[in-house]
Each structure stands twice: as structure tokens, then as C-alpha cells.
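S.K.: Can you build the whole structure from these sequences, using the hints too?
Mapping the sequence shown onto the numbering used here, position 5 (from 1) lands on 766, and the numbers just tick up by one.
Keep in mind the hints are simulated off the structure, nothing from the lab.
The reader is advised that the hints may include incorrect statements.
What the hints assert, rightly or not - Listed next, the in silico DSS-like pairs over lysine-lysine satisfying Cα-Cα at most 30 Å (straight line): (1) Lys858 to Lys831; (2) Lys950 to Lys1011; (3) Lys828 to Lys858.
Just so it is clear, the structure is predicted and the values come from calculations on it, not from any experiment.
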Amino acid sequence: MPLEIPTGLHSQEPCNMRILLVNDDGFDEPGLRALEETFADHDTITVAPCCHHSGAGMSLNLYSPLKVRKHSENRFSVEGTPVDCVKLALGELCGGKIPDLVLSGINPGANLANNTWYSGTVAAATEAALWLIPAMAVSQEYRSEPDFSSSAAVTRELVDNRVFSFAEPGTLLNVNVPLEFTGSYTATKLGSFSREIPFTSDNEGTLFRYGPYEVQPVREAEGTDVHALREGNVSITHLAASRIHPEVPKGILSWCSRRH
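M.R.: Okay, here's the thing in C-alpha cells:
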């Protein structure tokens, strides 16, 4: 049965919302706590992985039980991935009350360009969008000693102004906050990073690790998320949850017609 997005969310009038909070870094991480504190005046439920799941993408924990621990009223940790957390929240832990909004983050490191494919932060918001629930993934540029106050304030401003309501059902907003925020917001497209994959290995070449991982932009064209952050602007990128391309290539149509 399709879920209906509440029409009241398109109003600029203040209202109390049911908000699902999730991340990919773990239940005890400060970015998630910043969201909990920022939206304490709303009806929030937190369902987050019990440990770090950066780079988990849309993966699921299919081969072991999803152990849930209730820490307090409406606060749960899960032995599973970010997508597991959203599925469990919507299917079980929300008590049949579909959230008005899902917020994923705040991630201590930007999720830009092609890196969004691997991000557990973006994946959690994507899962919500597949349920036709408004969703935002929020990340900030990496710093050695993260301060999430600015990113939390940005998130609050976006929510208070119902910016998420402009996104079509089945889509999400990927929000990235720069180190030095100028106060400006930019609607962006995904940029592109180098495809070089950095590895380090042991002397025998049998054990490999990612890193040192320093992504380099292929291009910083104006209008991309990468360019916006370099300019000190918050980037807001509208992403489709579905991977269905709107058009089938003519060559595929022609080939299939000959094989019919």
C-alpha cells in the first residue's frame, strides 16, 4: 500500500513533526546527538547502528539477527546497517506511525559526487525515499575536531522552512555543509571525483587496506556540490532514490525487438 506524504508538510506554518533520526557512524556519535538536541521540540525517534558503518551504502545484514537495544524511550541501537535501521524503524519500531521526515547524519565528512554511492548516510535517506517519505542526508566537511553546531543549525533552518517539501516523492536531499560557511545555500548537481583507488598493502601483497584516502575532484564546475563547498556554500543536491533511467536507449529497444 503506497504511503501518503502528509499535505501539511508543504505549509510554512510551524507544526510538530514525527522525525526519524539515523546515521551510519553509530548510536553514540556526536553528529547524531546534535540532531537529537536540535529537534528535541519535535516527536523524534532515533534508530541507529550500534557501531560504525561508513561506506555501507545500501547493504543489508541478511545473515545474522538484527539485535535491537532500547536505550530509552524512542532511542534504539541496532546490530545492522543504516538501511537495516530505517527498515526496522518503519516496519517495527515506529509503532505503525510513519515519520513525517527522516534525517540521516550528521556525518563527519562530506558526501559529495560519486562518493554518495557508497555513503551509509545517503543510503539511509535513500531507503526512506523509497518508502515515499521526505528525507535529508546531512554531512559536513571533515575536521580533526568536529563541531556540529553549525551543521545542526543549517539542518534546523532547512526543516523549519520546509525545504524538503519541494522534493518530489521518491527523492531525497543530500546536504553538505562547508568548514567555513558563508551563509549561502546553493542548489547543486553531483560533481565528479578521480577514479583512482588508493591502497596500502603488507610486504607480501596479500593484505590490502584503503588509504591514504584523499579524493581529488576531476572537475569543480559551477553548479556542482564540490564547487559549492569550495566556495563556502551549503550544497543541496536533489537525488532520485530509484535507479530507473527515464528513457531506455534506442539501441536496447531495437535489439530486444529483434529478439522478441
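S.K.: Now look at each hint and say whether the structure bears it out.
M.R.: Comparing the hints with the structure gives:
With a CA separation close to 18 Å, the supplied pair Lys858 and Lys831 stays within the 30 Å bound. For a cut-off of 30 Å, the pair hint linking Lys950 to Lys1011 stands: about 26 Å separates their Cα positions. Simply put, Lys828 and Lys858 have alpha-carbon atoms about 21 Å apart, close enough for the 30 Å limit, and the pair holds.
Violated hints for the displayed structure: none, as all numbered hints are satisfied.
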